[in-house]
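Here the protein sequences come in this chain order: A and B. The numbers in the first sequence follow the working numbering, run straight up by one, and end at 902. The numbers in the second sequence follow the working numbering, run straight up by one, and end at 162.
Calculated directly from the structure, the hints in this document are not laboratory data. Among the clues, some could well be false.
Stated by the list, open to error - 20 Å max Cα-Cα, derived SDA-like pairs, lysine to any residue:
| id | chain 1 | residue 1 | chain 2 | residue 2 |
| --- | --- | --- | --- | --- |
| 1 | A | Lys862 | B | His46 |
| 2 | A | Lys862 | A | Ala850 |
| 3 | A | Lys862 | A | Ala841 |
| 4 | A | Lys862 | B | Val79 |
| 5 | A | Lys862 | B | Pro51 |
So you can see what is in the structure, the chains are spelled out below.
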Amino acid sequence: MKTLGIILLLSFGALMVYASLGLPAHGDASAPHHRDASVTGSPGAAAYYIRNAYRDAKTINMVTVTLGDYRGIDTLGETVVVFTAGMVCYLILRRKKE
Amino acid sequence: MIQPSNSLIVAVVSRTMIPYLQVFALYVIFHGHYGPGGGFQGGAMVAASLILSRMALGGERAEVQFRSAWGSPLGAIGALLFAAVGLVAVFFGGEYLNYAYLPLPLDDPALLRSYGILFIEIGVAIALTGTLVAIFDDLVEGHEDYD
């Protein structure tokens, strides 16, 4: 059983390494997710964010603009997820004072 | 309640580190506009400093800086602050979380968005600090050895 687990783990790791070889190089401007439009012609968001982040929000860090402004509801959801985890710990673990 | 650490080294090092950690966490929160950083990272650092003080100095002395009863309410306040910024934008005629409609005396909508991002980062930081400390306190309170 233990050998089977190790074999499964190694083969899954090898699969992950093989899959990562197909990713575009870091910072490749012609990568699919950096193009203005996808193969089917729908406009891509990443190129717009990179060009207009400073113009739209006067903030140098475009990651902050994307997380806080363009994708603000996502960030709100993340915060609620963390808060929910806290509430679950509160409800399950906290003991009532006698 | 956690007992203070017996080790002098742990006590002295953590007492020295905690204030610097907290100031650096504020820097990380407010530097999120100009470089790596932001509410999540800064809030996690504040929480880490408070948890360090609980583990090294003991629960009794750590309560002076941050009471364990404050954790969950602070988490709720932070998440609500984020949601409230979005609602304020709705009340002043914009879409939810469209910071260009926040009622601040600024003409430039881009600058308004910059301040809106700052508000929500502060909300995220408060929520993270409160929630992470509350989780730690809940885990410790449920543990029999630390009563």
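_Which constraints among the numbered hints does this structure fail? Numbers only, ascending._
3 and 4
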